[in-house]
Every structure is written in structure tokens, then in C-alpha cells.
Amino acid sequence: MFNQKKFIVSHAPFWHDGSSLSTKHYHIMLAATLAVIPGFVQYGGPAVAVVCFSIATAMIWEMIINKIAKQPVTIGDGNAALIGLLLAMMIPATTPWWAVLTGTFLAIVIGKQIFGGLGGNPFHPVVVSMAILSLSWKGIFDFNEALLPYDFNFTMAYPLASLKAFGPDSISSFSITDLLIGRQTGGIGSTCGIALLIGGLYLILRGFIRWEISFSFLAGAFVTAFLFTLFGEEGKYAGPLFHIFTGYTLIGAIYLATEDSSSPVNFIPMLLYGAGCGIMTILIRNIGAYVDGVVLAIFLMNLANPLIDKIRPKALGKVA
Amino acid sequence: MIKKSFFGLLKPRLEYDIIDSKTTAPREITVSKTVQLLSNRIFDKKDSILIQVGDEVRTGQKLSLIKGEDDYVISPVSGAITSISPYTGNFGMLMTSIVISKNSKEETDGRFAEAAKSPSLQTTTDFLAHLPGFFPISLLSKQTPKIKTLVIHGMDTDLLVTTRQQIVKASAPAIKKGIQILKEISGIETFIIVVPETLFHEAVSTGATVKTIASNYPSASPYLILKNILGMELPAGDCFEKHGIAVVSAEAVASLGKAYQKQEIPTQKVLTVIDKTGTQKLVSVSIGTPLKDIFSALNIRAEDGDRIIIGGPMTGLSTYSEDHPVCPDTDAVIVQDRSMISCVSNNACINCGECVRICPAKIQVNMLVRFLEACLYDDAVDRYDLFSCIECGLCSYVCTAKIPVFQYIRLSKQELTGIQSTEAENV
Chain A
1 MFNQKKFIVS HAPFWHDGSS LSTKHYHIML AATLAVIPGF VQYGGPAVAV
51 VCFSIATAMI WEMIINKIAK QPVTIGDGNA ALIGLLLAMM IPATTPWWAV
101 LTGTFLAIVI GKQIFGGLGG NPFHPVVVSM AILSLSWKGI FDFNEALLPY
151 DFNFTMAYPL ASLKAFGPDS ISSFSITDLL IGRQTGGIGS TCGIALLIGG
201 LYLILRGFIR WEISFSFLAG AFVTAFLFTL FGEEGKYAGP LFHIFTGYTL
251 IGAIYLATED SSSPVNFIPM LLYGAGCGIM TILIRNIGAY VDGVVLAIFL
301 MNLANPLIDK IRPKALGKVA
Chain B
1001 MIKKSFFGLL KPRLEYDIID SKTTAPREIT VSKTVQLLSN RIFDKKDSIL
1051 IQVGDEVRTG QKLSLIKGED DYVISPVSGA ITSISPYTGN FGMLMTSIVI
1101 SKNSKEETDG RFAEAAKSPS LQTTTDFLAH LPGFFPISLL SKQTPKIKTL
1151 VIHGMDTDLL VTTRQQIVKA SAPAIKKGIQ ILKEISGIET FIIVVPETLF
1201 HEAVSTGATV KTIASNYPSA SPYLILKNIL GMELPAGDCF EKHGIAVVSA
1251 EAVASLGKAY QKQEIPTQKV LTVIDKTGTQ KLVSVSIGTP LKDIFSALNI
1301 RAEDGDRIII GGPMTGLSTY SEDHPVCPDT DAVIVQDRSM ISCVSNNACI
1351 NCGECVRICP AKIQVNMLVR FLEACLYDDA VDRYDLFSCI ECGLCSYVCT
1401 AKIPVFQYIR LSKQELTGIQ STEAENV
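Quick note, the sequences are listed as chains A and B, same order.
Under my numbering, the first sequence has 264 at position 264, and the numbering climbs by one with no breaks.
Plus 1000 on top of the position in the second sequence (first one is 1) and you've got my numbering.
If we strip away everything but chain A, and leave its shape as in the complex, we get:
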């Protein structure tokens, strides 16, 4: 008996498809980096500093909470780093260090860890953080004000702010191609539409995010904006493509709304959730009080997620 070989005994299945949390999060980071690079090129050193500091502090917050809660250290799964990266992508390159530090604190601690860590968060941590930040320090996160030190060879006004303040006539200087290739002001990683789209396509094809959510988000936004131009007061509303390629629409549809924990898993609920985000975004932008509605739209739909996800197929052999 003592010389018996020691085999590994565990429960079936004995195969695994090889997916893991870290693979998933690192791939999402990889795809997101594609959209960060144009930001680095445009804003230079300060952008690099914000991104690095954001990722680093997000990981440090996570570790601190792990230690305080006497839980295993989870920074290895890449989620904290991903949250840091996504937060940095949404804020201006001029954000002061303390604001980044507060932002990552809000995202990691308030947005994620107090709900029990990865998988327990009812809202996207970055959405929680962005909502609190932009309500707290208007000036720092107002792109027109924040990006004053920069002057590039394109219109330096934040497109959505111009739209809100002066109507669609003021945005005639933005061509869709310019918006698509990132010739607009905004967050470090949220302006280059084409890079965000390529990253999103990659993640969808690899199965890291769910196409249903991204697709219905964009479709919902497009259709709503289109209906506004069709039936709304003439000359008051901007076209659907303008809405898709400005502000946080793309980063929201690809990286924020698709977060696992705060989004539904069934087919119809995913479509409803995505469409809800898109519709709310445009409603807030067109008739609401805020310049960009993405953050609040996702926040709202995160809240509705558990309810929407009740729409589910009948299980095998379920009686009544």
C-alpha cells in the first residue's frame, strides 16, 4: 500500500477547452492597445504616463484589497490591468495623477472588489468610475477644457460638446472619415474608430466578447439616431454615423457593454441589452442633459441586466 503510485483523481470532465481568465483578459487588452497607440502618437508622453499609471494603480488597488480581505492575490488574471487600461482610454491625456489614482480606486474598489471581486460586480467597474469622476470634476474630464494645451491640424472642439451647444451646423467641419481615423479630440483610446472596430472584430472572431451585444448596441444607436433625423425637428439632430464615431459609442459597444459580469448571457436578452444601451445613449445625447450618454446608458442597462436575463429558453424536460 505504501508503495502505491499516486495518481491524480478528480471529477469529470478530464478535458478542458484551454480557455482561461488570464488569456481572455490579456487578449482584450491586446485588442484595446490597438486603439491606445493612436492616442500615444497624438498626445505623446502625457498619454503614455496616464495609461501606465492607470494600469499600475489599478493593479495595486486590487492587491491592497486582496491583502486586506485576506484573499488570494488576483492580479494575475489580468482583470485589474484591463480595468486600468480601459479607464485610461476614456480620460483625457492631461488628467492629473491624483484623478487617475482616484479613478482606479473607484473602479477597482467601489466598482468591483466590494461586490466580491471579478464576476460579482453588477456594473462595469470603469463605468462606475467614469460616472463618479465626470460628475465630480467636470473641468478635468471635459475634453474642451482638458485638451486646451494641444493644437492639432483638425478641429479641436469636442464634437459632442459642439453638437450639444450649437446644433448640427457646428459639426459640419467633422467629416466621417476624419472621425473614423481618429482626427477628433476625446479620450486617449476612444477616438480612433477604425482601431476600435478592428480590435472589436478580433475579439468577436476569437470569441472573447459577444457579437450580439456589440452589434445590437451599434444598431440600436444607429436606428435611434436615424429616427431622430427622420422625424425630429429639422436641423436639430446629428446623423447616425456621427453618433457612432464620436464620444464613447465604440469603446462602449466593444469594451464596456460586453463585460461578462454585468451583461446578460442568453441570446434575446443580449440583443435587448445591447439595443437598450444604444437607444439610451442617443436619447441622452439628443434630449438629455449630458453631452455623452454612453456611460449612463450602460450604467442603466447594467442595472436592468438581471431582469432582462430572465428571458430564457425552456430547459429540457421542464414541466410547466
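Honestly, I wouldn't trust all of these hints.
The calculated lysine to aspartate or glutamate pairs, modelled on EDC-like cross-linking and capped at a C-alpha distance of 16 Å, are [what the hints assert, rightly or not]:
(1) Lys6(A) x Glu1322(B)
(2) Lys5(A) x Asp1378(B)
(3) Lys318(A) x Asp1382(B)
(4) Lys5(A) x Asp1323(B)
(5) Lys1033(B) x Glu1106(B)
(6) Lys314(A) x Glu1233(B)
(7) Lys6(A) x Asp1304(B)
Just so you know, these hints were derived from the structure itself, not from any lab.
Given the coordinates of chain A, assemble chain B onto it according to the supplied hints.
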């Protein structure tokens, strides 16, 4: 091991191994010294048991532990009983182990040959409950409701395994004979044989109604066969017998046919052995043969840290010992190298929904697992369809957080059964 495809948007496609037109004769492996038989009867020292250590037994002899009880085993060898002891099986199931050391002289027990001259339900119940392939004989004498439909399962229920298909290929006449006997002795009216398309001709020759199934996992699950082929959805939590249906393996029916054909109880079990490189070998061994005999005959070395799996990679059971015997329902044995073993984790569910989208029973696994982790088993049944689970293991296979979902499900079912039977005793 089949990994996730690069384009993860697509569901992972797991295919059963379908045998080609060549017939592979199983390699016969003889028992080296001892065989171990497992009886479902709980061992109790106070019982006066019929057999004793030291008793001489003959090949094909019926060994009952207690007089008048249905449970028995059939000795596959001639020799002497060297030990009778309690044995704890999977999920704490209590059994009795009987070890027989083999004699060089082979003697066959003649009692079955005598009784088999006129096939009857009594003879079948008395002698054939321990057939290779495992035939649930007790179902045949069940009265309410009577079994009316017998589904002969000619497809292996797990990946890599080809045992049942080989049996259909090689032993179609024996299956035919088995069906004839069953028609005579039981009230079964409908015989349906389920095979992959490649075995259609062999299946037709058995005389049963032939149904073919697709090669994608888990279409060979009895629950899905019932749903997709017989067009009947089994109410969650019900067993097949309750609806007058029994699902048995093709090997069991073939063994029954062979038993009456040759007038001796078959004791040779065919199984697929899969070595560390994934190569499949078909072998035929006596029931009760320790796995190490098979490994040494096939030159397979199982080392510390490897995993020995009885059954297939998705639904099998791992064992802690090379001494584990081949049982009547052992269809496959896999030796998995330590480098191939992926461990489970204690991560929380991240709600990615992979399990929900792959579940063939359409269970909300993401919600279910939350209830199971918290031991809220009744809620799991009432609100999240625990009993709809067909136990295919796909949820654990795709789990990004590597949660042992399938283990939670089996454990909770086990716990609920325990609670129910304890409560039943109170009444």
C-alpha cells in the same frame, strides 16, 4: 485533448469517434493472478454470508452473498476466494469486494447450461445480471409500468470510445439472438437500435428498428436520443423506466444473445484502452481483471501524477489505483499523462455564459452554479432546472473560470438523493 478553436465565435465541435469499415478484433488479455468482483450488496459482518474465503469457485459460477437476495456476481475464472471485504466506490457507494485468485485449471460451472435450454425470465434474472455491457435485468420483471420499449444503444456515449460500435459491427447476429430471447421472455414490444450511420447495415440485420444519430457530442446521450429520435422529452427528474422505456448498451444485448446461444455466461468484456498518446486499442478481458494487467499487456506505464480514467474523457471517473477492476459497464480506460491534465480552480463564476450557450439541456448554468456553490439544492431544482441536466460535462469543459460545474451538479444530485432517502425512512 481538443482545445477551443482559434475562431472562438464558433462553438467547440466535439465529435465522437466513428469506426470505419474495417473490423478490429479485440486483443485478448488474460488475467495474471486475481480478479476482483464488486457486488452492490453492502458488506455487513453480522450477515451470514453464503460464500467464504477459501471456497473453490468455477468459471461462470454464480456467487450470491446472502441467501434469497437478488444481488450476485459471476466468477469469470476458476479458483479460490481469497478475500471478501467492504468496498467504497464512487460517491461513497458501499459495496462488497470479492477477490478470487485464479487456478491454472479451468472448470466451467454447468448450472446455467442446464437452465438455458429453455430461456425464461427466471433463468435470465437468476444468472445474467452480471453480463458484460451490464444488462439491468431487474427492469424486465418490473410490473408498473412494464417496460414496453427497449432502446439498444449501439453508439458510445463518450468521446474516443468505440466499444459499442465494435460490438454492433462484430456481433450483430448475437444482438439479433438477444432481441429474440427478450421478445420471448419479456413483454417488450418495441426494439429500437441506435447506431451511427456507418453501422446502418449491421443494425438492420438485427431486426430492430434502426435509428441513426449524428456524430457530434453529446447526441448519443440517452436523454437526447429520446428527445431527437423518439420525439419524447423526458420530464426533468424522471427516470426512463417510469415511462416504460429502458436504454441498454448493444454489448449487453449481444452478451444476452451469446449466453443463450453458447449456453454459457459470457465473462469477457470488450473495452477501448486509450494510452497517453491518444492511441485507441480494443481489448477483451475478463470482468474483474485489474487495470494493471491490461496496462502491462499493452505496455502502458502509468506514473505518479498521471490520471487513470474509467470511461470517456467527458463523463468518466478517475480512479486512485491501478488495481481497480474492469466492471460489467466499463467501456473504456484512459491513461492521461500528467502534462495533459488541466486543473480546476476556485475562481468565482464570471458570468461569461459559455456554459449557457453550449448546454444541450438549455439550463441557466451560470445561475445554477451560484446556487450549488451555496448548497441551495432545492432552489437549484425549483428555479434553475438542476434535474434537466443530462450530465454531458460540456459546462465544465468550456468554463473560462475552470469551475468544476459538472462536479457541483453531480454532488448536488447525490446530496438530494441522500436527503430524500433519509426522509423516506422517517415515514
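**Study point:** Hints breached by this structure
**Key:** Per hint list: single violation, 2.
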